[in-house]
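Protein chains in written order, with our numbering: chain A, 1 to 128; chain B, 1 to 267.
Among the hints, erroneous ones may be present.
[As the list claims (entries may be wrong)] Cross-link-like lysine-lysine pairs, in silico, PhoX-like; alpha carbons within 25 Å at most:
#  : chain 1 : residue 1 : chain 2 : residue 2
1  : B       : Lys144    : A       : Lys108
2  : B       : Lys129    : A       : Lys90
3  : B       : Lys104    : A       : Lys108
4  : B       : Lys193    : B       : Lys174
5  : A       : Lys90     : A       : Lys6
6  : A       : Lys90     : B       : Lys205
7  : B       : Lys104    : B       : Lys205
8  : A       : Lys90     : A       : Lys3
9  : A       : Lys6      : A       : Lys69
10 : B       : Lys200    : B       : Lys85
11 : A       : Lys79     : A       : Lys69
12 : A       : Lys3      : A       : Lys116
13 : A       : Lys116    : A       : Lys79
14 : A       : Lys90     : A       : Lys116
15 : A       : Lys79     : A       : Lys3
16 : A       : Lys69     : A       : Lys90
17 : A       : Lys108    : B       : Lys237
18 : B       : Lys237    : B       : Lys85
19 : B       : Lys129    : A       : Lys3
20 : B       : Lys193    : A       : Lys69
21 : B       : Lys174    : B       : Lys95
[Said to hold, decoys possible] Sample of chain B residues at the chain A side, in silico, Cβ under 7 Å:
#  : residue
22 : Val48
23 : Gln255
24 : Gly256
By construction, these hints were calculated from the structure, which means they are not laboratory data.
We put the CB at the ideal spot given by N, CA and C, even for glycine.
This is what each chain is made of:
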Amino acid sequence: MDKDLKILIVDDFSTMRRIIKNLLRDLGFNNTSEADDGQTALPLLKTGKFDFLVTDWNMPGMDGLSLLKAVRADPDLCKMPVLMVTAEAKREQIVIAAGAGVNGYVVKPFTAITLKEKIEKIFERLQK
Amino acid sequence: MINEDKESKQDKFTVTKVSYLTETYINRLQLLNDAIESKDEKKISDIVGELTTLRESALYQELGMLTREIHDSIHTFGNDERIAKLATEDIPDAKERLNFIVTKTDEAAHRTMTAAEETMDIMGNFSGKAHGIQERWSQFRNRKLSKDEFILLNEEITQFFESLESDSSIVNSKMTEIMLAQDYQDITGQMIKQVVTMVKEVEEKLVRLVAISGLVVVPAKEKTEKTEKGKASDGEKAEGPQLPTADKEIVASSQGDVDDLLASLGF
């Protein structure tokens, strides 16, 4: 796994962004940026500087599902791996996220190990 | 005896009224029977007319009593000062409390994380230095270290011990900071309890209001089932955290459940 990977963390709660950022740093990913909702995230993603997207679902403005759909609809971004880290735990919602093309789904509250496993699994599958 | 009379006055009144009505009905019916036997059409029509009037006036009386009851209930409800206070004071107060809780928990989380991050930096520095010293120490033990290098190592070890002392006291104070940051739980816990009490009171008042308006109140549990399964829920709408007690059929309660579900979808 390339540790220089540029990761964008999208969550409306600064504490959660900070937690994810720290956990990613622990996993060796130091190259992270933050955005507080889909609207601010999308222009950042379009600069083409990011390799990986970690996003929450429930956010004001543009939510994570809309962001995921926008990413999948953009020809330049459509291949970007997306991990959803969210408190949305309804089965129906997980199915919808899967249908929209999410690469991994972590429910809050989560542990560092879960986050690590899901990220590793995403890259494992991408390398195949 | 007098008291008893007063208490049962209402009952006696109703009984008298009813028996009076019944007597009138029986009387009219007998007359009607007679009229039918004597085939007096005019009389039959008159008596039927009287019976209808009698029935209508009973209905109106009934309706009048119901109206009075509803009026009284609404009046008492409207005069309940507590409701006005709930709307103008308690609910805005609860909103303030909940906002305060959001701020307080946010502060505590950042305070904790700042202290943890600073501790991590110190510990990272520690292990880096220790590693360097250990390497050269083993070189020294294997007699692979020059005199100049040893002097340098000696100085480094002295510095390391000094920093160990000052840094561990910093780590200690960071840990205390983390512990102190948890004080939010006490205050927010109390506030949440206050808000819960208020919500309970509002719930009771609402149930009373619904009772007055004559709607059937469906018990909470049945209701959630109905709304959950009845309404076409908008799956794309984010709904926020689910309570741990939520319906297992609808909510995936753990990461394991989520993984199982995704696996079943070919992930």
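Run the structure past the numbered hints and jot down the numbers of the failing ones, going up.
Per hint list: 1, 2, 4, 5, 6, 7, 8, 18, 20, 21, 22, 24 violated.
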